[in-house]
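S.K.: This is what each chain is made of:
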Amino acid sequence: MSTVMRFPFNEPDGVLPSDATGNLGDLRAEAGIVAPARVSAWTGFGRRFRQANSNALFAADQSDLGTLLLRDVTVRGLLSLTLDGAVGAQVILSRGTNDGTLADRYCYGLEVEEQAGNPGFVEVRMFWHDSAGALKKQPAGVFKHAGDGAEIMLTATRRWEATDRVVCRYYVGPEQIAELVTTDGDIAGGTTGKTSVGAKKSAGVWSSFFNGDIDELEVLAKELSPEEIREDWNRMTVHQPAGVATFKALAPRGILWTQNDGNDIGKLVKIAGQALGFGAATTERLRSLFLPDRATLERIGRWEKICGLSPKPNDSLDVRRARVVSYLAREEGMSLPAMRTCFAEIIDLEADDVQILEFTNAVTDDFATLDPLRWLVGSSGTWAIDTNQLKVTALGGADLRFDPLKTMNFCHVRSVLHQTGGRFIAGIKLAQYWTNLPANTIAGLFLYNRRSNDSVWFGVKNVAGNRRIGYQILANGVLGAFVDLAASPDVPLWVRVRPRSSAIIGNASTMSFEYSTVGPTLGFTAVDVTTNTFGTEWVGAAAMCTDAALAANLDVRFDEFRMLALEGDRVFHWYVYRDPGLPGDPDMAGAHLLATKVKPAHTYASAITSKSVLCDDPIDGLCDRGPMGAV
Amino acid sequence: MSGLKLLDSVRPVFANVAKTLTFTLPAAATKGRLMVLVVAFDAADSYAAMPDWTQLLAFAGTDKVHVLAKEVDDNEPDAVELALTLAAKDWLGQLLIFENGAAAVVLEASATTNFAADATPPTPLVACKQAINLDVRIWSGDGALNLTPPADMETLDSYASALAAARSFLIAMKVANASGNLAAKDAGASGAATGSGVSLVLRDRPPVTPVGLVDPVPGNIGFIGRDTRPPREAGLP
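Protein chains in written order, with the numbering used here: chain W, 1 to 631; chain L, 1 to 237.
To be clear, the hints were calculated from the coordinates, so they are not data collected in a lab.
Beta carbons: idealized from backbone N, C-alpha and C, even for Gly.
Take these hints with a grain of salt, some might be off.
To be verified - Just some of the chain W residues that point at chain L, by a computed CB distance under 8 angstroms:
{"id": "1", "residue": "T21"}
{"id": "2", "residue": "F121"}
{"id": "3", "residue": "K144"}
{"id": "4", "residue": "G262"}
Claimed, not checked - Computed list of lysine-lysine pairs in DSBU-like fashion (alpha-carbon distance at most 30 angstroms, straight line):
{"id": "5", "chain 1": "W", "residue 1": "K599", "chain 2": "W", "residue 2": "K312"}
{"id": "6", "chain 1": "L", "residue 1": "K174", "chain 2": "W", "residue 2": "K144"}
{"id": "7", "chain 1": "L", "residue 1": "K174", "chain 2": "W", "residue 2": "K136"}
Stated by the list, open to error - Computed Cβ-Cβ distance ranges for the label pairs, DEER-style:
{"id": "8", "chain 1": "L", "residue 1": "A116", "chain 2": "W", "residue 2": "L373", "range": "54 to 62 angstroms"}
{"id": "9", "chain 1": "W", "residue 1": "D293", "chain 2": "L", "residue 2": "Q55", "range": "36 to 44 angstroms"}
{"id": "10", "chain 1": "L", "residue 1": "T22", "chain 2": "W", "residue 2": "S207", "range": "52 to 60 angstroms"}
{"id": "11", "chain 1": "W", "residue 1": "S316", "chain 2": "L", "residue 2": "D152", "range": "20 to 28 angstroms"}
{"id": "12", "chain 1": "W", "residue 1": "D366", "chain 2": "L", "residue 2": "Q55", "range": "54 to 62 angstroms"}
Okay, chain L solo, but in the shape it has when bound:
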């Protein structure tokens, strides 16, 4: 089987007093599998660096959206906890668990945009090399909005949080099923949304280079053909 395969996704717990954002690892997060962590937060907020994680995207727009990746190892704790240095507004995000992926190559492409007072907040066009890649869209903004994805995408999570100051988050996904430019996609919002939109193309690996058939002397047995039709029985028409 080829392609990145999503096994599970979990929503974090934001503690505004303790200033932590905690993702509890699901059962699917077994050794060798890939974790992709998406976190969306206000432009003025920040968190302590996570050196064990590969930073795939650090978008600083109207909202900040960061994407990090790491393979689950033997010493993986039960939860991933971000230490927030500033948390004036709510932090939101999602932890995705994949099979067949690797942190170093999982992000094939990304594109980002900001939107303001928009009831159909957008995510931008993004280029995709392989039809089996995953098209992931993220919307993040202020306020308690009811965000809904485009009709052809599957919602991984959509929620709002208002412990410090209300913010909303939507992450949706589909198999790209096409190569080239994947069109910009708009979400639906219950009100005028202001925030940031991110488009990601995630992959299991770069396109492979096929192994060649090399022999200085031609004359090898290639395809042999098969006839697996059952024999006719004598006497039957």
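So that you can see chain W by itself, here it is in the shape it has in the complex:
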């Protein structure tokens, strides 16, 4: 990010101009070009280049470390144009002399040209070669000519983002006049090349001579930000002159030397005043640029480190600033728009595509679909969605017995309760059960503890041809008898279960089994039931038959599933979900670190690519970065 070339052009006549950084040898002329003469300029001295005189200079790299910049670069100059008598493009600087070798392909160059058909308007543009040697002249910024001999500051920056995206910005003084994007990201060049000033060379022929005075030239290995350019301009035009004025003001009124700033005392005063102003400018620059919204490329990395954000140096400065600002600007850590913006870049999505998953303790499902990330489906029976209802079917003769040794084989769908033990409310609607419920088969709400296999079925059972509301409990490996509560009304039936007291592991608990034909919240008849269930962990729907083979086909429909984990910790979990189907190159490890950093202390957060743990692919160590059943 340093200056790689700087030409002050202060050398006296007869002395070759040099590069103040030492990366280039002394600038010189050769056959076909003539060294420009020294002239007075704003910083002291400069060089006068005239097309008519073929004025130009060039120098070779002193080592292979210096001037090759294949990505970001800033070229800027203090210079004046003389359009009178000038023809065509005028090269200010070109790294590369295009002698056929890779090292001398143009890897960056800056030229100006009076606009054809618009006298008095000047185009400024960068150019470079691609790896095939094709010259890529970039679309230009345009400014109005300030007048022949008027010294201006001209800055051009290049930001390489990808092989098909390069952003060039142009400034006159502190004003940005253009930002243009092209696909010319294939940039050529090699080490130990040559750099020319005031013209470009190609195949041994010099052309595109500059017509004007160059006071100073500088090339930096980074894209200067608009704020840095403005601060440099302010230093030169506001603070330094103010320092001189301040110093001059100390002189007694009427003293002779103040009437001519160009005399010896005036020049000494100028030195002191410029130094004074320089100090003020440095302080002002620090004040202006230290906060992350205007941080420089060197400083933004420190802000990222302070905030605990993963640095992404390949991102543009604007993006990195936005990420730090989003992090700092969040309100109590959970402003969703700011969070989306904060994570957007690190997971390589637009902010609107970032999903922040957060939950209540309630899970409801109207069975528009059978979401495989929510429901674990047993392998007995067939569970499917039919006209927005959950349907279970099995053919006569199927074995729907509960087999504790084959936990996936019994007929059920279940969803995790999101708490271990504790109180909960769960309910489901039996939308249609009276037509195809085989003998000795119960269908209804299902409560399950996978570790102990303790289970509860609460719904309607076909008892010797009569459909009865009731329940059956499997505890400690023993299936209890069906407890008959009432005759089935053979209309849609809502069933729900609510614990009357906390379910303490190992101890019996009382639950309220409730049923209604009116609706999901009204008309319930309640029965207290004491169970030995080890903390229900899964809730869903199931069908179970105590016979080895169904006497007839099974077809039962469910709807309106409700589950509320009163002491669940789901509300304290939130996730940044990145859809793996979307293109991009996310840094999920970094995103997880960021989530851990920004989360409130009482929550758990993670960056994920799956809404459930799906151990089905070799990426991410066989298991996706899932939240362990957050949905």
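Fit chain L to the given chain W structure using the hints.
M.R.: Coordinates of chain L only, in the frame set by chain W:
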């Protein structure tokens, strides 16, 4: 950031009985932002003058295409309504909301043409001074045509309306990314199109004149160079 920036665009509602063409202002139309109104209508139709608006273009060709501009002010109503004095055929158009623009200078150049029975209706070549300017093309014609823009342009809107008599409209845009003459561009049409094509170059401002560095006494501190490489740590290779 430089350049005109499009924030939103809205399609109007044409009421042929009430003879109004109404553009509802989008949320982006906040105070100070620039509205550019494009309206295309049959050559025989007309509307009442809008004195608050700056007329940028009033092309009277096979179709009429008018372009007007205005900054949103404190008293801006929720909708812009054109009172149509004659509306024998459908009126179409688009309201564009820009940032960084001003009505007095937004139009840098325009060019117009007519086309007849053309399945690739054209818009003409137009000159552009700055590569950051916006190249906007408008096609308007009789009939319910399915107009599609050139491949390198983004469609802002393309629709047909047939309340009074069917007419079609397409407006497309891109950053010019070049200066000089911007080539003529053809749209695609589902049938033989007869109407008018308009090319606009819109800008945020004219090219700036840089401030000069002026000091009668040479000897000012210019560029100072920077070395921001981290120092090498002792003991490390």
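S.K.: Checking against the hints above, which ones are violated?
M.R.: Nothing - there is no hint that the structure violates, so all of them hold.
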